[in-house]
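Q: Assemble chain B onto chain A, guided by the hints.
Same order as they appear, the protein sequences are chains A and B.
Each residue of the first sequence is one higher than the one before, starting from 1 at the first, in our numbering.
Each residue of the second sequence is one higher than the one before, starting from 1 at the first, in our numbering.
If you are wondering where the hints come from, they were derived from the structure by calculation, not from laboratory data.
Remember, it's a predicted structure, so these values are computed and weren't measured experimentally.
Any given hint might turn out to be false.
When chains are identical, the list treats them as one kind, so a pair holds in a single copy or across two.
Here are the computed lysine-lysine pairs in the DSS-like style, where the Cα-Cα straight-line distance is at most 25 Å [said to hold, decoys possible]:
hint: 1; residue 1: Lys50; residue 2: Lys183
hint: 2; residue 1: Lys183; residue 2: Lys74
hint: 3; residue 1: Lys189; residue 2: Lys146
hint: 4; residue 1: Lys269; residue 2: Lys196
hint: 5; residue 1: Lys163; residue 2: Lys321
hint: 6; residue 1: Lys262; residue 2: Lys43
hint: 7; residue 1: Lys255; residue 2: Lys245
hint: 8; residue 1: Lys306; residue 2: Lys190
hint: 9; residue 1: Lys313; residue 2: Lys84
hint: 10; residue 1: Lys15; residue 2: Lys196
hint: 11; residue 1: Lys255; residue 2: Lys313
hint: 12; residue 1: Lys306; residue 2: Lys269
hint: 13; residue 1: Lys196; residue 2: Lys262
hint: 14; residue 1: Lys245; residue 2: Lys271
hint: 15; residue 1: Lys190; residue 2: Lys146
hint: 16; residue 1: Lys75; residue 2: Lys253
hint: 17; residue 1: Lys163; residue 2: Lys196
hint: 18; residue 1: Lys163; residue 2: Lys245
hint: 19; residue 1: Lys74; residue 2: Lys190
hint: 20; residue 1: Lys313; residue 2: Lys163
2 protein chains.
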Amino acid sequence: MRLAIDAMGGDHAPKEIVLGAMDAVSEIDNLTITLFGDENQIKPLLTDTKNIEIIHTDEVITSDDEPVRAVRRKKNSSLVRMAKAVKEGEADACISAGNTGALMSAGLFVIGRIPGIDRPALSPTLPTIDGKGFLMLDVGANVDAKASHLVQYAIMGSIYSEKVRKISNPTVGLLNVGTEEGKGNELTKKAFEQLKDAPINFIGNVEARDILNRAADVVVTDGFSGNIALKTIEGTAQTIFTLLKDTFMSSTKTKIAAGLVKNDLRGLKNKLDYSEYGGAGLFGLAAPVIKAHGSSNRRAILSAIKQADHMVKHHVTDTIKTTVESIELGKE
Amino acid sequence: MRLAIDAMGGDHAPKEIVLGAMDAVSEIDNLTITLFGDENQIKPLLTDTKNIEIIHTDEVITSDDEPVRAVRRKKNSSLVRMAKAVKEGEADACISAGNTGALMSAGLFVIGRIPGIDRPALSPTLPTIDGKGFLMLDVGANVDAKASHLVQYAIMGSIYSEKVRKISNPTVGLLNVGTEEGKGNELTKKAFEQLKDAPINFIGNVEARDILNRAADVVVTDGFSGNIALKTIEGTAQTIFTLLKDTFMSSTKTKIAAGLVKNDLRGLKNKLDYSEYGGAGLFGLAAPVIKAHGSSNRRAILSAIKQADHMVKHHVTDTIKTTVESIELGKE
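Here chain A stands alone, though its shape is the one from the complex (with noise of 0.2 Å):
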């Protein structure tokens, strides 16, 4: 498997992706890396060069730029540079933890779409009580999508989850505002009669109070409310360790139990840390592309390293690729 990395994307680049690079290429068998970015940054981090090479950039996109005037305009930045190597065939599959926007624009424009997949689904595997985790998509690749939209989500998220986490007949349920059947807006109305015939293992609507429940392994929603569902989570877990935080502080006896607790509490976070799963696939493009979390380090690349390698293995798009054309043919 050859791999494209942007080394100058997320928190603590270059110096957290090529640790990461050098841990995925001793712990994986045929993989070979290429780092795009700054060399003379890269160099002196990058203590083995086994199976890894650096393609030398001069440009870097930051968090701050207008995703699609940066990827037109900023041709020689790491990550253009990172998507143009999938495009031409150099590369099987491509990972950046950088600006979010510039990396869907780079897999549409530059990487491509799957024929017969419409949009993009920006899709992360999200932490469960369970610990089995569940895979959301759409979390904002596309806010303004149709039912076909959703019903193409539904089968991409169970070929991922079927080949890639290993779960046989993944559960797909429609993110919405009630379980019954006939809730919603127009386009989950519109969607739960279509997701009904597609060729998934479909059991109806979930509610936003169920999911980290997994209340299903794939759940469906357009990008605009996945975006919101998913930084909602963020927000209240956020508020509420700074809450816990505020309240083990406030008093000796409350100190005393902070001491008491505090690995076991470490072990809660981690439990509900998704950087374990692996980065946010951009399901729908002709090749991998893994969007790693911003704050990465290196074990999240890691993971990502490891996530965009069992794609390819388990020839995740090929499979998306065949099944929306089996789709097709068996409208005609």
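A: Leaving out everything else, chain B in the frame of chain A:
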């Protein structure tokens, strides 16, 4: 103030409803309450009948009832009779902890809308880290909203926050996928433009991850996204508290810690308990209608009664009416 209450709605009806009503009349001057429900159940609980009367009803709308049909058919239910009392001018406001959809239907079909308001909005006050809370609307009354509806929500939310929550010049934010102007789906892009011209203190887009940090005093959103956000907050909090409980019960050491922080953690949980802020107003109806939480205890019912009392005393409905009228006049 004459208040009509559905004594049969909610998980702890009629007991906690009756207790809350008795607390309210002893605390609030010039308050008279009519309890609608089964006299045989209510009478033994009503140990003080000062300023409280019972109107016997023999039907109940349950949480399983289909809302619109239930309101049409169960004419002698406690909920419908309560709404009729408001319609006929026998009460100034009403409260139910029962079926939310049925209360919305009764509000819309029995009590009716304020002229100029197209859709009522379900509007709970949610907790924030600083303890001040924020108002979010709509969380599900209208799942297919237009931009003009969101502007009406913003006006109603501002008036309520100013008059009842005593926030001067309350900030209004639009729930969106990013904070920058130009972000969002078709609906939020259009609403953004219209909100800039509305007679409110519009501060732009707010992200779901910041709302519990009180990004704005009033957060406006369509009923679908608002419902997803609300239920995601509930589900995430529930999940973390479940994991916390498991963590504290995992060993002798953590059990000792649990004993030391038990009371403080209860305080934290109370901070996140939004029944303290009263129920969710159904703004836009011709009289104040409050949906108390289904799990309301006497304390939550008392909060909801105070809220209704404030809405009546500070003429929230009339102010909304004249504000909307003045905008319509300005348009001509």
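Q: Work down the list of hints and note, for each, if the structure agrees.
A: Now the hints, each set against the structure:
Neither within a single protomer nor between protomers do Lys50 and Lys183 lie at most 25 Å apart by alpha-carbon distance, with minima of 56 Å and 43 Å respectively. Taking identical chains as interchangeable, the C-alpha atoms of Lys183 and Lys74 lie at most 25 Å apart only when they sit on different chains, with a minimum of 22 Å there against 46 Å within one chain. In the homo-oligomer, the alpha carbons of Lys189 and Lys146 lie at most 25 Å apart both inside one protomer (11 Å) and across protomers (18 Å), since each shortest distance falls under that limit. In this assembly of identical chains, the alpha carbons of Lys269 and Lys196 never lie at most 25 Å apart, being 37 Å within a copy and 40 Å across copies at closest.
Taking identical chains as interchangeable, the C-alpha atoms of Lys163 and Lys321 lie at most 25 Å apart only when both belong to the same chain, with a minimum of 14 Å there against 58 Å between chains. Neither within a single protomer nor between protomers do Lys262 and Lys43 lie at most 25 Å apart by alpha-carbon distance, with minima of 38 Å and 52 Å respectively. Taking the shortest alpha-carbon separations for Lys255 and Lys245, both the intra-copy value of 10 Å and the inter-copy value of 18 Å come in at or below 25 Å. In this assembly of identical chains, the alpha carbons of Lys306 and Lys190 never lie at most 25 Å apart, being 36 Å within a copy and 42 Å across copies at closest.
Only within a single protomer do Lys313 and Lys84 lie at most 25 Å apart by alpha-carbon distance; the minimum there is 21 Å, versus 66 Å between protomers. Within a single copy, Lys15 and Lys196 get their C-alpha atoms no closer than 47 Å, and across copies no closer than 44 Å, so neither meets the 25 Å cut-off. For the homomeric pair Lys255 and Lys313, neither the shortest alpha-carbon distance inside one copy (49 Å) nor that between copies (46 Å) is at most 25 Å. In this assembly of identical chains, Lys306 and Lys269 lie within 25 Å of each other by CA distance solely inside one copy; the values are 22 Å within and 39 Å between copies.
Proximity of Lys196 and Lys262 under a CA criterion of 25 Å is satisfied in neither setting, with 47 Å inside one chain copy and 47 Å between copies. In this assembly of identical chains, Lys245 and Lys271 lie within 25 Å of each other by CA distance both inside one copy and across copies; the values are 18 Å within and 14 Å between. Proximity of Lys190 and Lys146 under a CA criterion of 25 Å is satisfied in both settings, with 9 Å inside one chain copy and 19 Å between copies. Taking the shortest alpha-carbon separations for Lys75 and Lys253, neither the intra-copy value of 58 Å nor the inter-copy value of 57 Å comes in at or below 25 Å.
Taking the closest pair of Cα atoms, Lys163 and Lys196 come within 25 Å of each other only inside a single copy of the chain (22 Å); across copies the shortest separation is 48 Å, beyond that limit. Proximity of Lys163 and Lys245 under a CA criterion of 25 Å is satisfied in neither setting, with 40 Å inside one chain copy and 35 Å between copies. In this homomeric assembly, Lys74 and Lys190 never come within 25 Å of each other (Cα to Cα): the closest approach is 40 Å inside a single copy and 31 Å across copies. For a Cα distance limit of 25 Å, the shortest separation of Lys313 from Lys163 inside one copy, 9 Å, qualifies, whereas the shortest one across copies, 62 Å, does not.
Hints 1, 4, 6, 8, 10, 11, 13, 16, 18, 19 from the list above are not met by this structure, while the remaining hints are.
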